[in-house]
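Enquirer: Residue numbers (the working numbering), protein chains in the order written: chain A, 1 to 275; chain B, 1 to 311; chain C, 1 to 283.
Since the hints were derived computationally from the structure, they do not count as laboratory data.
Do not rely on the hints blindly, as some may be mistaken.
[What the hints assert, rightly or not] With the C-beta cut set under 7 Å, the calculated list includes, among others, these residues of chain A facing chain C:
1) S50
2) G158
3) Q159
4) T253
Glycine included, C-beta positions come from ideal geometry on N, C-alpha and C.
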Amino acid sequence: MSETVLETRDIVRDYHIGGGLFGKTQTIHAVKGVSLTLEKGKTLAIVGESGCGKSTLARMITMIDAPTAGELLIDGEKVDIAKKGLTSALRRKVQIVFQNPYGSLNPRQKIGDVLMEPLIINSDVPAAERRDRAMQMLTKVGLAPEHFNRYPHMFSGGQRQRIAIARALMLNPRLLVLDEPVSALDLSVQAQVLNLLADLQEEFGLTYVFISHDLSVVRYIADEVMVMYFGEAVEYGTRDQVFADPKHDYTKTLFAATPRADVESIRKRLAKRAA
Amino acid sequence: MAQTNPKQADAAIGLEGGPAVAATRRAMLAEFWHYFRQNRGAVIGLFIFTTIVIIAILAPVLAPHSPSMQNRGALLVPPVWEAGGTWQYVLGTDAIGRDILSRLLYGARFSLFIGLVVVTLSVTVGVTIGVFAGYFRGVIDVAVMRLMDVILAFPSLLLALVLVAILGPGLMNAMIAIALVLQPHFVRLTRAAVMSEKGRDYVTAARVAGAGRFRLMFKTILPNCTAPLIVQATLSFSTAILDAAALGFLGMGAQPPTPEWGTMLAEAREFILRAWWVVTFPGLAILITVLAINLVGDGLRDALDPKLKRS
Amino acid sequence: MALLEIENLTVEFDTSGGTLRAVDGVSLSVEAGEVLAIVGESGSGKSVSMLAVMGLLPWTATVKADRMTFQGRDILNLSPSDRRRIVGKDISMIFQEPVASLNPCFTVGFQIEETLKTHTDLDRKARRQRAVELFHSVGLPDPERRLGSFPHQMSGGQCQRVMIAIALACGPKLLIADEPTTALDVTIQKQILDLLLDLQAKTGMGLILITHDMAVVAETADRVIVQYMGRQMEEADVLTLFESPKHAYTKALLSALPENATGDRLPTVADFDLENTPSTGGA
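Input sequences plus hints: build the corresponding full structure.
Expert: So, in structure tokens, the structure goes:
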């Protein structure tokens, strides 16, 4: 019954930083052998601080960058873009939503064109149907048909993120990689976008890889959690396991550092301050 | 008319977007004009430039004489307000009795033509090379940029002279030479803009949507690099006119009897002391045209400066 | 007497599209030794009102208030030279982007000594010594060597520590921290917040913390002001605010926190009726 949508086996990514003509090239191990499996309809959250390699991992899963070593399997099929390149069928299976809604939309492209571009490139759907599908998707993510012909700068951050999500869904992907999709948004807008993501997951049976540094969001949305630290997965398990019983020291530090907004901890703090 | 058709098509599918697009475009133009208008010099420049374009188009109607008709009875006639001037030749005649005013009016055609051809040529070639260099980086980039550095290291007029000497004198060859000398600026500008845009998320997003290299380069990235290119193109327009005039003056550009302004200057060289008008008026024509275009270029720079309006 | 008192502050900006009211009738007061949090989303005018106090707004801004005093002294109609004597000495401010707030061309030591030179009459040697002390107090290891570092050689957390050291250089009575940890990682955020609270408790200064993060408020503040669209929605001490929020907007904000989620969907601000609840602003 359970289908595995995504699997990585000891996936590694090194960056070579050239020292120019004379300097030695330096190798940076951004991701040092991460293995994971993810079933259909589930959400895996990847947590870590800036520079821990979580975005690099996201780019490999989205097949933007090729892994230096290790295997990436999507729907049980082995992917090797460095050697074999990428078929359109494979391309359609994984899509991504970026953190910064202001940078991820082409300022010179109307919203309608943003949504129809994936169809133009990857399919031979006739123009009228493309338009209909884009229009449907627009209403599905909570925007109106009259937004179709507007430019990105006329939208707020939350609306742009909705557009980015709509674009990612145009090709009916199996797996959606969400690279900090709500961390640039205000709290109230963040709640709306998280709700939208939950609705869409139910409706389309989507599988999410959710990159975040915000543990409260992760706790809310994830089924499984992976904590990354300097390119390694130091903690990997179901949400309840990880939150109830963190094993690694770093995970414990991370949990301790996360500010809490509940009344109990405020009381405790005030008592300590008064003392 | 071509504008209204897609709008009707939109309306036919029940979209309210048609008028909205037109309104957006109008709003963008209005915003551009708002910023452009702030610069009074630019507006004056635009006015002068428009006048020159109209003159060039209407030259056969406006000119009192044919630009190549010689009048043996009226050699070096001074302009009308000098002693001995006549209303027949308002700005006087040159050494072989041709009307200077008519020649200047026709000369505007050549100057605009030169500017247009040179800019089109150097923009097309320069932008294409720049996009490739900026997108692929690596060996292509190094090779291209070193070549451009070599071209830029020559004094531009000297290089143009050498090229014309190789290709042979003539207006067409002069234009090719000038275009070649000017295009490194476009290569550099485009390359820099492409490099900074290439790392943006929307480009990666288009890649994830499956866009191929050429689509990414020319459809996704290039439209976002246009502002500095428009400014550079305008300024190159005036440089082209100036260089062409210089080549003409040195006898390497347009050949007599073409009424090109630089060539007119060259022909009049020996009469500078005797008849000031034969050099002054072509010189003034070049000065005014180049100044007007440069003023417009400055205005465009202000209006298109991305720092002023971040969306 | 309150340290800083503001009554009915209004800030308007002249733009090409007309006048924009960024802050509308905000009143607040801070006592010495108190931590006041101003919380709100982007566009709520929380930073603008504090920039108005500092006199750092661009010339397009018009600042109006019934009263704006610091230690009982009017700071609204201050001459620029008088203002400079107070700002940076008695009132300091730190900003969101620590790396961008430091001048990349000079060593951090030069930048902190520059502040000391402007506001104190210490000689060169004493300034140096004071700088070392300050770096030590903000928890920068090996302060003597650190003084010779350039901002790009330090991490974001270290740069924020330097900013705090500079802000504290002249012993301010009031420190305004504008989203001091938003650009930092959670573990670094914890360190910086602890440092700020620790220094505040030691020196007894007033601390105004501007933030969008309810959890940061819960961890730091004594008193909280909630702002929305330039208006003051609610003012309460921190426990009351989290236990029994009065204003609909505050309730909405608290329930939009993922950790307070009860079902599998989060309530959003749109689910609350903001219009029919009176605001406490300007009272």
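Enquirer: Work down the list of hints and note, for each, if the structure agrees.
Expert: So, going through the hints one by one against the coordinates:
| no. | hint | verdict |
| --- | --- | --- |
| 1 | S50 | holds (6 Å) |
| 2 | G158 | violated (10 Å) |
| 3 | Q159 | violated (13 Å) |
| 4 | T253 | holds (6 Å) |
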